[in-house]
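Participant: We have chain A; now place chain B onto it with these hints.
Protein chains in written order, with this note's numbering: chain A, 1 to 778; chain B, 1 to 395.
For the record, the hints were derived by calculation from the structure and aren't laboratory data.
Every value quoted in this text rests on a predicted model; they were computed, and no experiment measured them.
Ideal Cβ placement from N, Cα and C applies to all residues, glycine included.
Among the hints, a few may not be true.
To give a feel for the contact side, a few chain B residues facing chain A, derived at Cβ under 10 Å [to be verified]:
| no. | residue |
| --- | --- |
| 1 | 7 |
| 2 | 8 |
| 3 | 30 |
| 4 | 49 |
| 5 | 53 |
| 6 | 54 |
| 7 | 56 |
| 8 | 84 |
| 9 | 208 |
| 10 | 210 |
| 11 | 270 |
Under 7 Å between C-beta atoms, here's a sample of chain B residues computed to sit facing chain A [claimed, not checked]:
| no. | residue |
| --- | --- |
| 12 | 6 |
| 13 | 9 |
| 14 | 14 |
| 15 | 26 |
| 16 | 57 |
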Amino acid sequence: MDKKYGVYICTGCGIGDTLDMEDLVDVPDEEGINCTTHPFLCSKEGVELIQKDIDDEKVNAMAICACSRRVNFDVFTFDGCIIERVNLREGVVWPHSRETYPRLEEDQKDDEEHFDPIQMKAEDYIKMGMIRIQKVNLPEPYKTESFSKKILVLGGGVTGMAAALDAAKVGYDVTIVEKTDKLGGYAANMRSQMPVAEPFEELRAPVVNDLISEIESFSNIDVKTSTEVARIAGQPGEFTVTFKKPGEKIPFDVPFPLPEEMLVDEDGKDLTVEDAHAKYLEFNKGREDILQLDPDGELYGAVVLAAGWRPAVLEGEEYAHLGVDLPDVVTNDEFEKIAAKGKIVRPSDGKEAKSVVFIQSPGKDEDDADFEYCGSVTSMVALKQAKYVRGDYSDGKAYILYQHMRTPGLQEYFYKSMQQDDGIFMTKGAVTEVAQQGNGLAVTATNTLLGENLAIKADMVVVAGGMVPVTADDPVINLAYRQGPGFRDNDIFGQYADSNYICFPYETQRTGIYAAGAVRRAMTIEESMEDATGAALKAIQCIESANRGMAVHPRSGDMTYPEFFFQRCTQCKRCTVECPFGALDDDEKGTPMANPTRCRRCGTCMGACPERIISFADYTIDSIGSQVKAIGVPSEDDYDEPPLRFLAFICENDAFPALDMVGMNKMDYSPNVRFIPVRCLGSFNVIWIKDALAQGMDGVILIGCKHGDDYQCHFMKGSELAETRVKKIGDALSSLALEEERVAFVEVAIDEYDKLPEIINTFVEEVEDLGPNPFKGF
Amino acid sequence: MTEKYLAQPDLDFIAQVRGLGGETLKKCYQCATCSVACPIAPEDSPFPRKEMIAASWGLKDKLICSGDIWLCHECGDCSDLCPRGAAPGDVLSAIRFVAITEYARPKALANAVNDPKKLPFLLGIPAIWFAIFAFITMNAGETMTKIFEFIPFFDWAHVHEGGHVIAQANFFSTWFVDLTFVPIFTAAVIIFVLNLKNFLNDIHENAVLEGKTDKTSLDFKAMLQALIKVIPTILKHDKFNECESNKDRSTPHMMVLFSFIGLFIVTAIFFLVLYLFQTPGPYSQLNPVKWLANISGVALVIGSGMMIKNRLDKKDDQITLYKDWFILVLVFSLGATGLLTEMARLAHMAYVSYFFYYLHLIAIFNLFAFLPFSKMAHFVYRTAAMTYAEYSNRT
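This is chain A alone, in the form it adopts within the complex (with noise of 0.2 Å):
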């Protein structure tokens, strides 16, 4: 691409108010870059003006400096053209006015005591900008060799069904996978199924039969029974697949990494590369590498997981004072199969169970948390199996003991309908105890709405045991991933198959894989079909985006992916191991290897690289790099008393639309500090720090999304990875004689804002009583 480059100038919405337009208009001439100014460039003409120098191939590249990116995207979208929006609006003038910034008299200029710090930011943007467009390139779509549209629905479950249904009424090739011998899963034993229409009171029974008969309708919907999926190799787009009979041993069976305790010696040394590889070896013995594909596998666009739940088992000393080792004492869905078979009957001896009692926290008093793996649906199930006593027994009694009851949306009218039943009675408490008293169960509870102590004699009681998601035991994807066949980090999610539980339903940590009911998270049948849809959906775009080489999520559209210079590699595998997506593979020699069509394009690769071989078209070590040292850092010889100058690498996905709402709320934060968006704190590469650091520049801050227990981050561990980064460090700095408080880290969420520019205000004093950075000036 032979570039052309120009600069267009917004002076609308107080851009040409606050700032001196000649001065500005100066950076890009003496860079010899056209530029143009425009007093509202949003505008039908402003848009025109720029179209014109298009059209007559004046201009490729330009930066417009203007509004924030996150506005008027649409607007400034030229095909086939570099685009960098420089923020002048939400990044310069809402924030600084000319009342905190007075406006420099004539005779105040240049006379190495005043500056205008508003003017310098703006002028340190354009600068950036014009780097910026110089140094990218643009993006070339990734085409994988070869193609599937078909999707892949782990589990025959009522949510696999319902998926492959949604799927093949759209026109989709679905092919089911179910291990054991029939279509229904845990459903088709169900006694009935919670009310799914008005006026929600009465039970009905499992949708599973009318789903199979719907799916034997459906040509394009494969059903394979008896299967399971040994290994499933390649990207999105080419998943290569192999199936199995359960228990079966092949040689496609999915390699495992080997496990910590097994890379250290007996002296607890770490093994060598070569040790360890051979020990991986010989530990997955007569399987084939992950990068050897299966001649006789199948294609497969995408999966829809749907392989569900199994019942939680509660033993042990943490549920001792619940009896669950008595045998009228049962789990809810040890009830259900008790329920399917006929009247409620006691386990022990056969006899009518008329008074039930239905415990849904195991606390006692120590804390209100119900069993693991609940939900409201382990709610809703207590209503429902409460309502097979009071249907089986005109004087049948259920309790049920609650710490919370929650029956979201329209199920509320079931919970209303079942509080009206007489023998239904409910109460929020802790139970302490269930004990053996005569022929019958005793219950006791306290801090019931009943009083301090309530006693409740019963003939069983039922235990909500949770739904424990597969991925808790077990791999299920069998990818053939180098980070291993299943998801890597799911201790963050609970252990359910999720990546970003509040904003991204659906999404795993393995792009193409996309998860419904529940593995996903505790749920009903009614949820579970509703999940399916929006997985199958999923599926769906992430075939139809990677057809077209882009990224599926959450930088939906993007074309880029990482690309090495291989010559520089060490084999470092840091990449690989990174890479919270599991998207690249490596050789036996530690090449990696990127499957573009797994990449979710957040540059953690490229942060990781210690030889900073990794790029992308449009973003890359350099372009960063580059904007860094295109900031002014002001020194003695220009100013009597230069101001300081800050760099803030900040994440585009929360913190910088934070920061443009403080913009767009008017709040003033100190101007010395340059921000430059990243696509995740992940891809932060700490080369940059020392390329601010070396420049003269003060302090440099790195603002993210929370991670850990309340993480945000859209890229599961981009800001943790950037954290350790940075802590690592430290040390580096303090080698050279720099404090480590000149580098920091901060988590911000898009809702705190308000908090951002105290934030930034406490670094930046911070930094100052440590004084101006020493190196400043060499």
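Facilitator: Showing chain B alone in chain A's frame:
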């Protein structure tokens, strides 16, 4: 920690409460809006939230022994504000009625009083009884006079000398009146005393169990002092007047209460006058006691009439059932037949007057005989509960 409470839900009790106007007892989700809204609930363990959960659990044992259900005046503020459409006021009212029948002895009579199908018997028995004695009075005067000659100090005829005065005694002997009502009234009082003893023990025990009292035993002397303190509150309807939703019910209730007190005084005076001074009625309209009697009679009719009208007008707000109509119509009839008897007498319409007097006697019979079993019993239980609350500093 308080003692362990074994919950034993009673499905029949739940059905009973539903049938008595507490249909909404299971709608409660324990938000406690009712207890906050209630103008008269005490600060510590306020009603009716806890009563609502106990009711939805069918905990009859806990509820009918609770003094708190009687502290409620069913003003309806809680029912108005309930976000779930429950009516705690009506539920408590139903529970109170279950409590009345539960404490009542003999049970069979209690059940009969509250069964609309038994109404013909409740009216028929006194009707026949009074008819027989009216027949005796009117036809066997001479025989009775002879019998009475053997009894010193007492005359058969409690009748004014001179033939032109219409006197009810000519129709129905005062002897028969008092021989009927004195034992009935005495029986009612005895039943009440026995019930009250159980009742007070129960509400005390319940209050101790639920930590609603600072007393450990029942001190009847202190209770009496509490009663003296409570009486002005009851007379002035202080608690009743704290209500918002049903404020207009307070005045008619007060009229009825005062007219009963007035009529009780009048009856007592005339009873004494008759037997001590041998001065039979009818008495002069100029007699101040007669003034009190007339004022009370009119107040009774107006008060109970207003209550009936309120109930008819606000059908949807407050549930009105047989138990309510029984007592309202009875009280109204009592006043109306009394006044009509007197008016007919003054109008010299002897047989019209006798007819109303006959109806009046049936009404009185129903009131006295069924006092411990009808809704009317509330005046005893509520007074007792308020007294206990005062005694145990539950305010």
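Participant: The structure should be examined with respect to each hint, and the outcome stated for every one.
Facilitator: Structure-based check of all given hints:
1. 7: This interface hint holds because 5 Å falls under the 10 Å limit.
2. 8: holds (8 Å)
3. 30: holds (5 Å)
4. 49: With a closest approach of 8 Å, the residue 49(B) hint holds.
5. 53: holds (5 Å)
6. 54: holds (7 Å)
7. 56: Status holds, d = 7 Å.
8. 84: holds (8 Å)
9. 208: At about 13 Å, which exceeds the 10 Å cut-off, the nearest Cβ of chain A leaves the hint on residue 208(B) violated.
10. 210: For residue 210(B), the interface hint holds, since the closest Cβ of chain A sits about 7 Å away, which is under 10 Å.
11. 270: Since the shortest Cβ distance to chain A is 52 Å, the answer is violated.
12. 6: Cβ of residue 6(B) sits 4 Å from chain A, so the hint holds.
13. 9: Result: holds, 6 Å to nearest chain A Cβ.
14. 14: With a minimum Cβ separation of about 5 Å from chain A (threshold 7 Å), the hint on residue 14(B) holds.
15. 26: The hint holds - residue 26(B) has a Cβ within 7 Å of chain A, the shortest such distance being about 5 Å.
16. 57: holds (5 Å)
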